[in-house]
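Chains as they are written, first to last, in the working numbering: chain A, 1 to 244; chain B, 1 to 95.
One should not assume that every hint holds.
[Claimed, not checked] Anything over 12 Å on all C-beta distances counts as not near chain B; from chain A, calculated:
#1 V11
#2 K19
#3 G22
#4 L32
#5 G38
#6 I39
#7 G128
#8 F134
#9 L155
#10 T186
[Said to hold, decoys possible] The list that follows gives simulated cross-link-like pairs (lysine to aspartate or glutamate, DMTMM-like), each with its CA atoms no further than 25 Å apart:
#11 K89(B) - D238(A)
#12 K50(A) - E64(A)
#13 K53(A) - D58(B)
Source of the hints: derived by calculation from the structure; they are not laboratory data. For glycine and all other residues, C-beta sits at the position ideal for the given N, C-alpha and C.
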Amino acid sequence: MATNPMHQFNVYKIGPEIKINGIDLSFTNASLFMLISGIFISLFLLLGTKDRKIVPGKFQLMSEMLYNFISKMISDTAGKKAKPYFSFIFSLFIFVLFCNMVGMLPYSFTVTSHIIVTLAFAMFIFIGVTILGFVIHGFKYLKIFVPSGVPMVLLPIIMIIEIISYLSRPVSLSVRLFANMMAGHTMLKVFGGFVISLGLVAGWLPLTFSVALTGLEILVAFLQAYVFAILTCIYLNDALNLHH
Amino acid sequence: MKKSDDLDTRLKIAKSKLESSEIKTDRKKGVFLGNAFKLGTELVAAVAVGSIIGFILDNWFGTKPLLIILFFLFGSAAGIYNVIKAAKKMQENKE
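Only chain A is shown next, with the shape it has when bound in the complex:
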């Protein structure tokens, strides 16, 4: 069981099978770990906001720093107009971050290493931002496909390129997170397997590698959550402030 590095990504059902209108809604290990991340987030933020002191305790300091971090990121990338969307970006960031971090625990399951999860996030953002753009700017929003200062001859080609570039947003957003998480966890498992198969003689070398890789993976887990959130801000900025 443990020798296959891809085995960790298997999704299996926990408990009874639930089917509603032919759609499988069974509780799986993926849902379990989403729930666990959700519980961790709630605990973390509840502990942070439980007793609001002037001199913050450990958890209060951490949650306040997180709040400041996200609010600064939003004002840096999307400006003041994006303030109403703070709660959305904050929950998105913290959920992706906690899913990634929970995945770093041994014997756990990384929810974000499945493309269907990340694609669902990305499509939600993409469709939401597109609707938002049309609601705010009306049909003027189509202007983002027509950059200014382009000669008429080139315009049709540029428009096709712009449309493809716009449509590639959810793909690049989801593939980036999924590929980074999956590649990292596969690599960790492969190096872990080397430790076992090389034994006491030469197993120390891959062991040091996998210790280093664990550190790298924690960095990547944080960074990917950050990139995911910052790109959402950038897309939001394009929808809110039309300036092409």
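Place chain B on chain A using the hints.
Using the frame of chain A, we list chain B on its own:
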């Protein structure tokens, strides 16, 4: 209430210090790494999306190999365009 007043001023000073420099230098490294990841996928995703659009249009109009080739090229152009846009943004942030 003197104590809390004192704390308020100290908090203000600490906050202004934080905002001025520390956070930025700390975060810079992470931003660069994030940008590096960004550029790679941006390039590939546009090519993939372009090719898929070409494939779908080919199936619709029955012009099997033509449109997929054309849209593959458009996709590559869009990918390079994306990378140039991202690089420009990086340069703006630097200044």
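These are the hints, each one checked on the structure:
1. V11: It holds; V11(A) is separated from chain B by about 24 Å at its closest Cβ, greater than 12 Å.
2. K19: Fine: 31 Å to the nearest Cβ keeps K19(A) off the interface.
3. G22: Correct as stated: the minimum Cβ-Cβ distance to chain B is 26 Å, above 12 Å.
4. L32: It holds; L32(A) is separated from chain B by about 29 Å at its closest Cβ, greater than 12 Å.
5. G38: holds (25 Å)
6. I39: holds (27 Å)
7. G128: Correct as stated: the minimum Cβ-Cβ distance to chain B is 19 Å, above 12 Å.
8. F134: holds (21 Å)
9. L155: Since the minimum Cβ distance to chain B is about 14 Å, L155(A) lies beyond 12 Å and the statement holds.
10. T186: Consistent with the label, T186(A) stays out of reach of chain B, its closest Cβ about 17 Å off (over 12 Å).
11. K89(B) - D238(A): holds (13 Å)
12. K50(A) - E64(A): Cα-Cα ~12 Å, so holds.
13. K53(A) - D58(B): Outside the cut-off at roughly 64 Å; violated.
Of the hints listed earlier, the one the structure fails to meet is number 13.
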